[in-house]
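For the sequence shown, the numbering used here begins at 37 and goes up steadily by one.
Keep in mind that the hints were calculated from the coordinates and are not lab data. Just so you know, nobody snuck in bad clues.
DMTMM-like cross-link-like pairs, simulated, lysine to aspartate or glutamate; straight-line CA separation at most 20 Å:
hint, residue 1, residue 2
1, Lys164, Asp130
2, Lys228, Asp210
3, Lys164, Asp210
4, Lys164, Asp93
5, Lys228, Asp281
6, Lys228, Glu276
7, Lys164, Asp176
8, Lys99, Asp130
9, Lys99, Asp232
10, Lys99, Asp176
11, Lys164, Asp226
12, Lys164, Asp184
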Amino acid sequence: MALLLGLTGATAVASPSVIPPLPPLLGPRPAPQPQPPPPPPAATPEDRWALIIGVTDYAGRVKSTVGGANDARLVRDVLLRNGWREDRIRMLIDGQATGQAIAEGMRWLQANSSPTTFSLFQFSGHVKQRGGREFLWPYDSAFLADTDVVRALQGIRGTAWSSFSGCEAAGFDDGLSSPRHRVTASSQVDEKSYEDPQTGYSVWTGMLFDEGFRQQRGDANRDGVTSLDEAFDYAAPRAENFTSDQQPFGPQTPYRAGGDGPLRLDSPRI
37 MALLLGLTGA
47 TAVASPSVIP
57 PLPPLLGPRP
67 APQPQPPPPP
77 PAATPEDRWA
87 LIIGVTDYAG
97 RVKSTVGGAN
107 DARLVRDVLL
117 RNGWREDRIR
127 MLIDGQATGQ
137 AIAEGMRWLQ
147 ANSSPTTFSL
157 FQFSGHVKQR
167 GGREFLWPYD
177 SAFLADTDVV
187 RALQGIRGTA
197 WSSFSGCEAA
207 GFDDGLSSPR
217 HRVTASSQVD
227 EKSYEDPQTG
237 YSVWTGMLFD
247 EGFRQQRGDA
257 NRDGVTSLDE
267 AFDYAAPRAE
277 NFTSDQQPFG
287 PQTPYRAGGD
297 GPLRLDSPRI
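Sequences are here, hints too, so could you generate the full structure?
Shown next, in the form of structure tokens:
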């Protein structure tokens with residue numbers, strides 16, 4: 037029988053075995069995942085300015101339009117729904133939209149523009165074409181030549197969108213469009229533009245701003261926000277199809293030029 041020997045005044049305790057730490061695995065480190073680029077800077081509500089012009093009732097014997105004034109109110113409503121400030125929007129409707137007032141309004145857009153602003157110019161009414169040139173037709177028939185309109189709008193700093201709704205409207209893009217200045221027009225330079233008595237809007241402005249933007253039918257990617265390109269891509273073929281049987285002038289084909297990347301009215305990039 038084995039004899040167990042004890043330590044005087046102490047109890048023998050077995051030491052636990054110690055497992056040394058494992059060495060780190062060798063090999064290449066995983067590549068860092070690319071980070072998405074930051075969103076482009078956008079104009080704040082304080083830095084968004086709009087001049088909106090719409091003429092339905094003209095002075096004298098000039099034929100009235102159906103939707104000029106309603107177009108202007110529609111565009112204003114869309115801007116307000118997208119967070120624009122009411123005190124940054126100048127409205128010129130019917131008798132307010134004289135030639136002098138429109139010229140002063142364009143100077144107002146210039147004066148309030150800066151490298152951090154986004155500016156919108158919107159005209160809906162008659163356009164006069166004469167001698168290969170286009171003229172905005174104000175309430176008082178004090179015509180504004182395309183060259184003068186382009187020169188004034190080119191003076192806007194920051195980014196801008198000029199939107200023309202009237203016959204031969206694309207003729208106002210005479211060097212106006214650029215990466216920082218978008219231009220849209222209801223018809224090509226050799227086409228008429230039409231109105232819809234049922235809606236009370238011009239065909240183009242109603243389809244672009246009411247259906248495309250306000251009703252969000254243009255939201256192709258279903259992200260809850262309709263960009264200008266989405267609204268244009270929705271409205272342009274519909275406007276052309278809607279006016280396809282117009283005689284003798286034929287359909288209107290909306291026009292788009294300029295810009296650099298998507299444009300959202302709730303956060304217009306600068």
